[in-house]
Amino acid sequence: MLRKSVCELYSNLVTRPTGAAVRSEIEQELDRIGDRALTVIDFSHVGLLDFSCADEIVAKLLLQYIATDAPRREVYFLFRGISEAHVEAIEAVLERHKLALITQHADGETRLLGILGLEERRAWEIISELGVGAVADVAERTGLSRDATAQTLDTLWRRRLLIRADDGYVAVGSATIGSPSRSLEA
Amino acid sequence: MTTVINVPHSLEDKSFEQVVEQVAPLPLDEKIIVDTRHARWASPYGLTALLALAQSRAERPILYAPEAENVASYWSRMDFFKHAAELYEIQGRVKTAKATETSVLLEVTSISKSDDVHDVVDKIQQRAQDALVKNLNLDAKITMRFTMALSEVCQNIVEHAGRGGWVAVQTYTWRVRLGGRRVVVIAVADPGIGFRQSLESAPGFQRKDRWDDGQALEETVMRGASRFRDPGRGQGLAGVRRFVGNWDGKLSIRSGTARIAVLPKGDWDEDEPLLENLPYFPGSQVQITIPERVA
Chain G
1 MLRKSVCELY SNLVTRPTGA AVRSEIEQEL DRIGDRALTV IDFSHVGLLD FSCADEIVAK
61 LLLQYIATDA PRREVYFLFR GISEAHVEAI EAVLERHKLA LITQHADGET RLLGILGLEE
121 RRAWEIISEL GVGAVADVAE RTGLSRDATA QTLDTLWRRR LLIRADDGYV AVGSATIGSP
181 SRSLEA
Chain W
1001 MTTVINVPHS LEDKSFEQVV EQVAPLPLDE KIIVDTRHAR WASPYGLTAL LALAQSRAER
1061 PILYAPEAEN VASYWSRMDF FKHAAELYEI QGRVKTAKAT ETSVLLEVTS ISKSDDVHDV
1121 VDKIQQRAQD ALVKNLNLDA KITMRFTMAL SEVCQNIVEH AGRGGWVAVQ TYTWRVRLGG
1181 RRVVVIAVAD PGIGFRQSLE SAPGFQRKDR WDDGQALEET VMRGASRFRD PGRGQGLAGV
1241 RRFVGNWDGK LSIRSGTARI AVLPKGDWDE DEPLLENLPY FPGSQVQITI PERVA
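Note that the protein sequences, when read in sequence, are chains G and W. Okay, so the first sequence: first residue is 1 according to our numbering, each after it adds one. Okay, so the second sequence: first residue is 1001 according to our numbering, each after it adds one.
Take the hints with a grain of salt, since some may be wrong.
[Said to hold, decoys possible] To be clear about the criterion: a stretch of chain G counts as covered by chain W if any three or more of its residues have a C-beta under 8 Å from a C-beta of chain W, and this derived list gives those stretches:
(1) 15-27
(2) 51-65
(3) 85-95
[Said to hold, decoys possible] Straight-line Cα separation of at most 16 Å, EDC-like style, residue types lysine to aspartate or glutamate; simulated pairs:
(4) W:Lys1014 - W:Glu1292
(5) W:Lys1123 - W:Asp1079
(6) W:Lys1141 - G:Glu88
(7) G:Lys98 - W:Asp1230
(8) W:Lys1141 - G:Asp107
(9) W:Lys1095 - W:Asp1079
(10) G:Lys60 - G:Glu27
(11) W:Lys1014 - W:Glu1200
(12) G:Lys60 - W:Asp1230
(13) W:Lys1134 - W:Glu1292
(14) G:Lys60 - G:Glu91
(15) W:Lys1095 - W:Glu1069
Don't read these hints as lab results, they were simulated from the structure. Cβ atoms here follow ideal geometry from the backbone N, Cα and C, with glycine treated the same way.
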């Protein structure tokens, strides 16, 4: 695992220029790695995160990699160290842009934050519980048709909340992920 | 010609309107004397607005300093005279501040660039915890949210005003309406382009049938409008509005000829939600008031 701090200058992430600078550093790091990556963004050392900075760092970063037409690359994000002091700003920007992300707590438990439909949320939870899951597994548990389930899982993959594996899907943050990851401290 | 502007004994957001009424009809290049000799008290809003007033004048104004020693001393401790000396020709005795003021969370501070906002946030975090949690009995959760709100209103100057402004934060006892309850007040003032002109600078802006400062404030504060097309914009003030709502606080913003207020759910304030046709004052002046929690 590679580990790098992208913001040592400020302990508080406030203002748009600061957010844009942090995002730019993260993007440059991501440009150095391959076309497929799981990136951990760690907020453990961040004191305050305001709305403007959250919009620049979290929302604008995600928007580049979940574009349905031409995403920048197949990059998945896992957010760690998100405390109560950060949640309000992050949830506000996710809601504004209709985005969702995965956070991971210190005990390893993962949680979805943001805007997601009920069926999509349920499907993500099933895959997360299973570790690795295919369309048939989710369809069986939800009672949805295979086509509808396949579409739901595809949407979750395009939103970079599920990783496509050989025979199915893996939830971002799942312990079963074996691919190399990169850790960035915001 | 020189006109004397009389500053009321108690200078806060409402009484500052008396100052604006006197200044608004005057040509920008007319010399003014701002007479604070009889001032007995000034809120953070009053002090920051006095600095914005001087910035807005083409001719450097004269300031008659307060005669009461404790008032002049307090204004010094708030760093008012430090900044006023750059903008006014000060007449009268001004003492250099020696002691720090415990009720002051943030002295009058200049805001003109992004780094200034960082400095303000770093500085206030150390003082806010004690003031808000111990003195105002507020939940510990408020400290971060208070600082976020402060950061966002300061950024409005950097992003929209077109010139520098001022911020100050203080706790004091709100005797008039709260029967002695303490409050914490954030005041931010600039003499920049104001909300209406900022929105008018948006690409493709189209003037509505009714378009004035009041409309611009409603669009921005209540509906999250911004001069930027970026859909992520406009969240700062929306967040500030949520913050004051959650803590039974009040947000008021004056810009141009109008003032909008997001009022508390409680009955501690009886302000009007929107005041229009006020005498013109440039830029924007923001005040956030959070009251002490009582059992």
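How the hints compare with the structure:
1. 15-27: holds (count 4)
2. 51-65: holds (count 6)
3. 85-95: holds (count 5)
4. W:Lys1014 - W:Glu1292: violated (21 Å)
5. W:Lys1123 - W:Asp1079: holds (15 Å)
6. W:Lys1141 - G:Glu88: Distance ~11 Å between W:Lys1141 and G:Glu88 Cα, so the pair holds.
7. G:Lys98 - W:Asp1230: holds (14 Å)
8. W:Lys1141 - G:Asp107: violated (23 Å)
9. W:Lys1095 - W:Asp1079: With Cα atoms ~11 Å apart, W:Lys1095 and W:Asp1079 stay inside 16 Å; holds.
10. G:Lys60 - G:Glu27: holds (11 Å)
11. W:Lys1014 - W:Glu1200: Measuring from Cα to Cα gives roughly 28 Å; hence the hint is violated.
12. G:Lys60 - W:Asp1230: Holds - the C-alpha atoms of W:Asp1230 and G:Lys60 are around 10 Å apart, at most 16 Å.
13. W:Lys1134 - W:Glu1292: holds (10 Å)
14. G:Lys60 - G:Glu91: holds (14 Å)
15. W:Lys1095 - W:Glu1069: holds (8 Å)
The structure fails hints 4, 8, 11 (numbered hints given earlier, in ascending order).
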